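Take a look at the letters that make up each chain.
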Amino acid sequence: MSRYIVRRLGFLLLTLLLTSIIIFTITQLLPGDVARIILGREASDTAIAALRAELGLDRPAPIQYITWLASFIVGDWGESYGTGQAIRPLVLERLGNSLMLAAVTLVISVPISVALGVVAGLREDSVLDHTISIGSLSVVGLPEFVTGLLLIQLFAFRLQLLPANSSIERGASFMEALPMLILPALTATLVLLAYVTRLTRASVIEELRKPYVRTAALKGIPRGRVIRNHVLRNALLPTVTVLAISVGWLISGLIVVENVFNYPGFGRLLTFAIDRRDVPLLQAISLVTVFGFATANLAADLLYAYLNPRIRLS
Amino acid sequence: MSALVEIRDLSVVYRQAGKDLPALRDINLSINYGQTYGLVGESGSGKSTLALALMRYLSDNARITSGSIQVAGEDITHASPQELRQYWLKRVKLVPQNPLPSMNPSLTVMEQMLEALPPTYNRASKQAKDRVLELLAQVNLADPRRVAASYPHQLSGGMQQRVMIAMALAGEPDLLVMDEPTTNLDVTTEATILDLVRDLTQTRNTAVLYVSHSLAVVASLCDRVAVMYAGELVEDAGSHDLYAGPYHPYTQALLDSVPRLGQDKRHAPLRPIRGSLPGLTDLPSGCLFQARCPLAVPACETHPELIQVEASVGTSMRVSRCVRAHEIAAGEVSSRQAEADTAATAPSQVAEILDVDNLDKRFRMPRSWLERLQRQPPKQVHAVDDVSLELATGETLGLVGESGSGKSTLARCLMGLYDPSSGPMDGVMTLASVPLADRAAGRNQDTLKRLQMVFQSSDEALNPYMTVGEALRRPLKRLAGYRGEALEARLQTLLSAVKLPASYLDRLPQQLSGGEKQRVAIARALAADPEVVIFDESVSGLDVSVQAAIVNLLNDLQYDKAYLFISHDLSVVSYLADKVAVMYLGHLMEVGETAAVLKPPYHPYTEALLSAVPRLEAEQDALDANEQEMIRLEGDVPSPLNIPKGCRFHSRCPRMLGDICKTTTPPWQEVNGKRIHCHIPADDLMTMQTNLVLPSEVISSPSAQANEVAS
Numbered sequence: 000m001s002r003y004i005v006r007r008l009g010f011l012l013l014t015l016l017l018t019s020i021i022i023f024t025i026t027q028l029l030p031g032d033v034a035r036i037i038l039g040r041e042a043s044d045t046a047i048a049a050l051r052a053e054l055g056l057d058r059p060a061p062i063q064y065i066t067w068l069a070s071f072i073v074g075d076w077g078e079s080y081g082t083g084q085a086i087r088p089l090v091l092e093r094l095g096n097s098l099m100l101a102a103v104t105l106v107i108s109v110p111i112s113v114a115l116g117v118v119a120g121l122r123e124d125s126v127l128d129h130t131i132s133i134g135s136l137s138v139v140g141l142p143e144f145v146t147g148l149l150l151i152q153l154f155a156f157r158l159q160l161l162p163a164n165s166s167i168e169r170g171a172s173f174m175e176a177l178p179m180l181i182l183p184a185l186t187a188t189l190v191l192l193a194y195v196t197r198l199t200r201a202s203v204i205e206e207l208r209k210p211y212v213r214t215a216a217l218k219g220i221p222r223g224r225v226i227r228n229h230v231l232r233n234a235l236l237p238t239v240t241v242l243a244i245s246v247g248w249l250i251s252g253l254i255v256v257e258n259v260f261n262y263p264g265f266g267r268l269l270t271f272a273i274d275r276r277d278v279p280l281l282q283a284i285s286l287v288t289v290f291g292f293a294t295a296n297l298a299a300d301l302l303y304a305y306l307n308p309r310i311r312l313s
Numbered sequence: 000m001s002a003l004v005e006i007r008d009l010s011v012v013y014r015q016a017g018k019d020l021p022a023l024r025d026i027n028l029s030i031n032y033g034q035t036y037g038l039v040g041e042s043g044s045g046k047s048t049l050a051l052a053l054m055r056y057l058s059d060n061a062r063i064t065s066g067s068i069q070v071a072g073e074d075i076t077h078a079s080p081q082e083l084r085q086y087w088l089k090r091v092k093l094v095p096q097n098p099l100p101s102m103n104p105s106l107t108v109m110e111q112m113l114e115a116l117p118p119t120y121n122r123a124s125k126q127a128k129d130r131v132l133e134l135l136a137q138v139n140l141a142d143p144r145r146v147a148a149s150y151p152h153q154l155s156g157g158m159q160q161r162v163m164i165a166m167a168l169a170g171e172p173d174l175l176v177m178d179e180p181t182t183n184l185d186v187t188t189e190a191t192i193l194d195l196v197r198d199l200t201q202t203r204n205t206a207v208l209y210v211s212h213s214l215a216v217v218a219s220l221c222d223r224v225a226v227m228y229a230g231e232l233v234e235d236a237g238s239h240d241l242y243a244g245p246y247h248p249y250t251q252a253l254l255d256s257v258p259r260l261g262q263d264k265r266h267a268p269l270r271p272i273r274g275s276l277p278g279l280t281d282l283p284s285g286c287l288f289q290a291r292c293p294l295a296v297p298a299c300e301t302h303p304e305l306i307q308v309e310a311s312v313g314t315s316m317r318v319s320r321c322v323r324a325h326e327i328a329a330g331e332v333s334s335r336q337a338e339a340d341t342a343a344t345a346p347s348q349v350a351e352i353l354d355v356d357n358l359d360k361r362f363r364m365p366r367s368w369l370e371r372l373q374r375q376p377p378k379q380v381h382a383v384d385d386v387s388l389e390l391a392t393g394e395t396l397g398l399v400g401e402s403g404s405g406k407s408t409l410a411r412c413l414m415g416l417y418d419p420s421s422g423p424m425d426g427v428m429t430l431a432s433v434p435l436a437d438r439a440a441g442r443n444q445d446t447l448k449r450l451q452m453v454f455q456s457s458d459e460a461l462n463p464y465m466t467v468g469e470a471l472r473r474p475l476k477r478l479a480g481y482r483g484e485a486l487e488a489r490l491q492t493l494l495s496a497v498k499l500p501a502s503y504l505d506r507l508p509q510q511l512s513g514g515e516k517q518r519v520a521i522a523r524a525l526a527a528d529p530e531v532v533i534f535d536e537s538v539s540g541l542d543v544s545v546q547a548a549i550v551n552l553l554n555d556l557q558y559d560k561a562y563l564f565i566s567h568d569l570s571v572v573s574y575l576a577d578k579v580a581v582m583y584l585g586h587l588m589e590v591g592e593t594a595a596v597l598k599p600p601y602h603p604y605t606e607a608l609l610s611a612v613p614r615l616e617a618e619q620d621a622l623d624a625n626e627q628e629m630i631r632l633e634g635d636v637p638s639p640l641n642i643p644k645g646c647r648f649h650s651r652c653p654r655m656l657g658d659i660c661k662t663t664t665p666p667w668q669e670v671n672g673k674r675i676h677c678h679i680p681a682d683d684l685m686t687m688q689t690n691l692v693l694p695s696e697v698i699s700s701p702s703a704q705a706n707e708v709a710s
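Chains as they are written, first to last, in numbering that gives the first Met the number 0: chain Y, 0 to 313; chain U, 0 to 710.
Since no wrong hints were added, every one of them can be taken at face value.
Here are a few chain U residues that face chain Y, going by a calculated C-beta distance under 10 Å:
#1 Q111
#2 H152
#3 A167
#4 S367
Derived by calculation from the structure, the hints in this document are not laboratory data.
In this text the structure is predicted, and so the values were computed from the model without any measurement.
Here a beta-carbon is modelled for each residue, glycine too, at the ideal position from N, C-alpha and C.
Let's have the full structure, built from the sequences with the hints guiding it.
Here it is, written out as structure tokens:
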């Protein structure tokens, strides 16, 4: 097992290295000269050349890549072209916000979707099962901005329970931020819901058909215990994996949700960086995103291997 | 005392595509306390449905339509879920066919065993854990603590089944239902499990319903046997009496379709049962066996009742569902009179065709990058070790051994199915004096045509999207060069040779039964008229009556072809083969003429394999009279990653001589037309192995036995 972990960590580093090259290459290929974007159309050629030299843009690409990566690793992520702010604190602050939203989303979505999936799976082909399947599918069919706006309409304007705008203050405590987190988290939940529910349902149905469930039932133990100790223990394995992977999606994939609710998270920072052609910021965000996805995947695999003795002990 | 189990007029239907299929009809069965009851039938006979109905654990689409099931005085036919839970808890336990999927993969054996203890145990207590270890020891598991701490996948098949039996015993049930518990195990393992069951039923007062397709297994184990056919009970008798004289033509046919150890193809053909099981959708109105029965008379048009027959042999109460049962019992008629079928004939000429010299095959195990950095040589699995064989035209060589003995690897080496990257292969293979390339890709058309193979599972060997015609046309065109009308004519000949109607050309594999698929696979292998055919467990998965038909078919089609017939079933191999090679962990242990291999002195491994073959009670008595000790192999085949030094069989050998077996490779001894790879001098072996009586010597021939019944 320890060997497996070391191997997987090696793969993780390799993934990061490869994607850093890809990110760097793509940002090099972006149209438009950074110096000209910063200085504007009217700037003189000498001023631009001076800025390019200052930014190191006149050196060969591999050198630029290595200096960029090296300084990134030691923690110098540079400054934003657009605002002049240091990138690292900015990215980390937004990342923190996104993680907070992801956490709230998981707290809401995991119990609901797993419970729905288990109930639907245990009563395969019942009215309840069909209601859950059709309900969750029709929700996921709607785009996030529609569900988001509907939720705002209902909870913020009609019922006036929660704020429509989620632009939390810098340095706000979690309890202060919580009311603003609920609506975006609900929106994200609706996206995850159908996926996790259907996966859990299929997995429960598959496990119920396996002969070991018969063995357990024929021991004469109560059905509730058969379900808990035997069926769910195996049926929730794939669900655990999917949830770990969806954390990766939650920290970077909520671009639409964050924009609808004006939430200062990672996704909004990304759209900001794209708008401004803010290359260093874009590179930092991309690399952190890849890192997030890769570690979420790693965590999912390790968790699965740990929970599954057939892998753990081989 | 009244019976433990009383099944009265039980009928069960399966709901399928809006129709009710009558899977069980009017079953009557009673099992006494402590009685071992066998339930025998071929696939589709309804034996498993009956077992599950008795467990009250039928699938959701099954329904009990009439009759009742009483166990220990309680009617459980319509028990509520709560009552059922109590029933499962206290009365009955199931030992299923496949132990691995029947255990929870994520719980240790200890956790699963604790759950099976009666609720009087506090599951967290040391007392409960001790009880589990005690139970594991009772099923002869060598190291109960290690087994208890293991997960199911870490145990061998035999150990898994022992755990399942221990789990069933944990609840101290009155009744054990065992559903083909040894079907997927090696013969040697099967023998030890059957010993265990025999032992347990003698020491405890537990009744057993033992479901099996194998008459021999049931005969060796049970007090009484019920035979099922197409959802009905056709015969029910004490097992000794049943084997001494079956009173239903189906039972007779079933007994005669299995070759006995020592019976051979030159003596008499096997007797398959003609036709096939009627489908449940349109059952005939008369006797269900009528269409396949050699004794059918007009009276069979009416559906027969189970009639009680006065026993001419034995004392047990017995019934048979045949209008002619009294005539059969009186010995006036029998379906067992030898039919005019011819036994296999000797080949017209004998010339060496396939020669294997010192064949050696190793598989490289993958190395980790760390091992690669340290330049460690890759670990190798020595799958085939220095094997030499010869095969002559018209000759059949049987290759036997437990799983993991390298039989299939040898076959695949001959076929050239391994890529060199899998590991090194050494030795010389020649086909008609021409060296064979290591890989099929390196062999020319002519060689491919001359050497063909039939695989174990015709399900996987036939392309599911290719019709029978397409599957057969291909080798006919590519290897044999048939075109146009000649091709179609040859196709018809081929199909009738394997006894399939011409209309089957347009069928897909899924529209065929298991036996029919195997016929197609055989036709495909024979299409280009090969000189050598390798059969790798090609009849193993089939019902006995179908197996008999296929074995006869192979004999009919042999002419001057050489067969290499691989099987774990010694009875079939010894029936079909002229020569037998016994293989263990990649190496040959004994080679020789079949008759010689079946006579002492044996290699101790051959002796163990022969001892493991289940015997009828009468044979068992003969053995006891001879003071023949049964030898059993302990433990599992060692991993081919570290093959024992010296004689590779020494770690399991019940006749080990001493340290010489652990240090020195044994010599080959020539005795009575065979070669034995053992340190023990042949004469000493001979003294130890007094006389292992073969079944065919006890009950000489079926027809002689029928006469015995008559007299």
